[in-house]
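Protein chains: 2
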Amino acid sequence: MEEIKVFCPATIANVSCGFDVLGLALDSVGDEMVVRKTEEKVIRITKIKGQDLPLETNKNVSGVAGLALLEKSGYNGGFEIEIDKRIKPGSGIGSSAASSAGAVWAMNELLGRPFSKLELVQFAMQGEKLASDVAHADNVAPAIYGGFTLVRSYEPLDIVAIPTPDELFATVIHPQIEIKTSDSRKILKTTLSLEKGIKQWGNLGGLIAGLFQSDYDLIGRSLQDHIVEPIRSILIPAFDDIKTNAMAAGALGGGISGSGPSIFALSKGEKIAQNVAKSMEATYKTIGVPFDIHISKVNVQGVKKLA
Amino acid sequence: MEEIKVFCPATIANVSCGFDVLGLALDSVGDEMVVRKTEEKVIRITKIKGQDLPLETNKNVSGVAGLALLEKSGYNGGFEIEIDKRIKPGSGIGSSAASSAGAVWAMNELLGRPFSKLELVQFAMQGEKLASDVAHADNVAPAIYGGFTLVRSYEPLDIVAIPTPDELFATVIHPQIEIKTSDSRKILKTTLSLEKGIKQWGNLGGLIAGLFQSDYDLIGRSLQDHIVEPIRSILIPAFDDIKTNAMAAGALGGGISGSGPSIFALSKGEKIAQNVAKSMEATYKTIGVPFDIHISKVNVQGVKKLA
Numbered sequence: 001m002e003e004i005k006v007f008c009p010a011t012i013a014n015v016s017c018g019f020d021v022l023g024l025a026l027d028s029v030g031d032e033m034v035v036r037k038t039e040e041k042v043i044r045i046t047k048i049k050g051q052d053l054p055l056e057t058n059k060n061v062s063g064v065a066g067l068a069l070l071e072k073s074g075y076n077g078g079f080e081i082e083i084d085k086r087i088k089p090g091s092g093i094g095s096s097a098a099s100s101a102g103a104v105w106a107m108n109e110l111l112g113r114p115f116s117k118l119e120l121v122q123f124a125m126q127g128e129k130l131a132s133d134v135a136h137a138d139n140v141a142p143a144i145y146g147g148f149t150l151v152r153s154y155e156p157l158d159i160v161a162i163p164t165p166d167e168l169f170a171t172v173i174h175p176q177i178e179i180k181t182s183d184s185r186k187i188l189k190t191t192l193s194l195e196k197g198i199k200q201w202g203n204l205g206g207l208i209a210g211l212f213q214s215d216y217d218l219i220g221r222s223l224q225d226h227i228v229e230p231i232r233s234i235l236i237p238a239f240d241d242i243k244t245n246a247m248a249a250g251a252l253g254g255g256i257s258g259s260g261p262s263i264f265a266l267s268k269g270e271k272i273a274q275n276v277a278k279s280m281e282a283t284y285k286t287i288g289v290p291f292d293i294h295i296s297k298v299n300v301q302g303v304k305k306l307a
Numbered sequence: 001m002e003e004i005k006v007f008c009p010a011t012i013a014n015v016s017c018g019f020d021v022l023g024l025a026l027d028s029v030g031d032e033m034v035v036r037k038t039e040e041k042v043i044r045i046t047k048i049k050g051q052d053l054p055l056e057t058n059k060n061v062s063g064v065a066g067l068a069l070l071e072k073s074g075y076n077g078g079f080e081i082e083i084d085k086r087i088k089p090g091s092g093i094g095s096s097a098a099s100s101a102g103a104v105w106a107m108n109e110l111l112g113r114p115f116s117k118l119e120l121v122q123f124a125m126q127g128e129k130l131a132s133d134v135a136h137a138d139n140v141a142p143a144i145y146g147g148f149t150l151v152r153s154y155e156p157l158d159i160v161a162i163p164t165p166d167e168l169f170a171t172v173i174h175p176q177i178e179i180k181t182s183d184s185r186k187i188l189k190t191t192l193s194l195e196k197g198i199k200q201w202g203n204l205g206g207l208i209a210g211l212f213q214s215d216y217d218l219i220g221r222s223l224q225d226h227i228v229e230p231i232r233s234i235l236i237p238a239f240d241d242i243k244t245n246a247m248a249a250g251a252l253g254g255g256i257s258g259s260g261p262s263i264f265a266l267s268k269g270e271k272i273a274q275n276v277a278k279s280m281e282a283t284y285k286t287i288g289v290p291f292d293i294h295i296s297k298v299n300v301q302g303v304k305k306l307a
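The listed protein sequences correspond, in order, to chains A and B.
Using full-length UniProt numbering, you'd call the opening residue of the first sequence number 1 and step up by one each time.
Using full-length UniProt numbering, you'd call the opening residue of the second sequence number 1 and step up by one each time.
Warning: the hint list may mix true and false statements.
Note: identical chains are not told apart, hence a pair may lie in one copy or across any two.
Said to hold, decoys possible - 20 Å max Cα-Cα, derived EDC-like pairs, lysine to aspartate or glutamate: (1) Lys271 x Asp217; (2) Lys117 x Asp215; (3) Lys129 x Glu195; (4) Lys305 x Glu80; (5) Lys196 x Glu155; (6) Lys297 x Glu167.
Worth flagging that the hints you see were computed from the coordinates, not collected in a lab.
Since the structure is predicted, the reported quantities are computational estimates derived from the model, not experimental observations.
All chains, please: the whole structure from these sequences, using the hints.
Below, the structure written as structure tokens:
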């Protein structure tokens, strides 16, 4: 195989109670990317459609992630990358992660799969480091593994794939305002009370158990974040209204997607997810904030081959 | 049924990364209790064998827990309780929880099971409040549900039963020194760094996933506590040696049982659990601290009827 076209999913990191450890992949929103082998041992970004992003390999997340893979591969050639960028940068649904994960996943396919998923995550994390100064894995892991993933530990990197209940849908609203990941990290407190910590790991445990058991009520009860959401939500217009109305429309729970500004809700079944979308639209229309909205089944496959 | 004899299991709370939320029940160590119906609407502790504990209903954890149940029951009679106390108070393996949980479980049987397990936990928590000023549930929940339990939330109380892998054994060493639960809570810091919090909920998530998947390696990797163990272990003689030697003997992981002083290790299979016991014995024999040691399969049944 000389060339591959892939779908690179958007992802929701943190998922309320799983700050910096949990993430999930989406199905209906993502980038498309064509990667092809070249004789020269370089990574070249030849085309970016949809967004004004740097073509220089060292300044592009897919370039940096690709270089990390190329260096370890022993492959004497290189790769050309074309990106159809459909996820808006700064949206909080893993725009940089999709490009990083998609690039290394595609390269691994072209080379005959020499690398494990865990290794692909490690390469893609180099793209995340370029994007936000921190080599976090909570977006690139679900993009590569699909479904829900838990980053149990960073040293050593330990990714746990968590099963996804069949009827789980996400609704994501992206307010057209920009919050940089680096900025939204700065406002976080560096300490928390033991009391809030106990609530958080109780909820995280409940969410993991709920996902294993397809217990939608338990999933809903566990989607609570007493640590990060109260601080970061201040940066997001009408966050509380969006959440309250989503719950009234039947959502199991929700919160900030990644570092925001996108807000997500999880629902049992597509119909409820659509009703949640309507409630979110109505909320933002009344305050006049422009937005995109996505309804998606949780994507259990991760990055996938299109052609 | 007018009378019932029950086994009331010892329990390990916290289980490393699950401070205040996780617990598990043991099989080979526990109290025995006889509870019988009386015509008078009182709870009477008629006999306590094995330990010098108060017989007055209001000062005895099984009395207080029983009163909480009796008050809600609408039953016009009362109960007599005889306790064969085989778990040493202050050992850190849920001595008070066994008496509280055993009493209310037995009463519920005698009354024809009017109460749910969750309600029994709530009654038993009143005994815990008497014992340590805090109505915690992380010992009484596994005593009543069996296996591993997660206290997802206290308000409202939400207990999640977590499956137990078949070959999971615990080894517990109880150094014959006394640490009061209330004292061992006082030395804890009331805040923690966000960084340690992230590690903790990553590990808790990993442990829950490992239990669901019977992934013993993942269980082992997740049995880490960066928050409480470094502080409380100072109170326990040779804690680090015990743990290091247990790991060398093949344990998956371990830590402080409840608020100590008991130390637990989990192992895959009885043979390894026995080897771990030998390593613990050898460690304490060299320093001359007297101890009890228990090897037990995880008890998936909880309190059970003996006669």
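Let me make sure I understand: some of the numbered hints might not hold for this structure. Which ones are they, in numerical order?
Going through the list in order, the structure violates no hint and respects every one.
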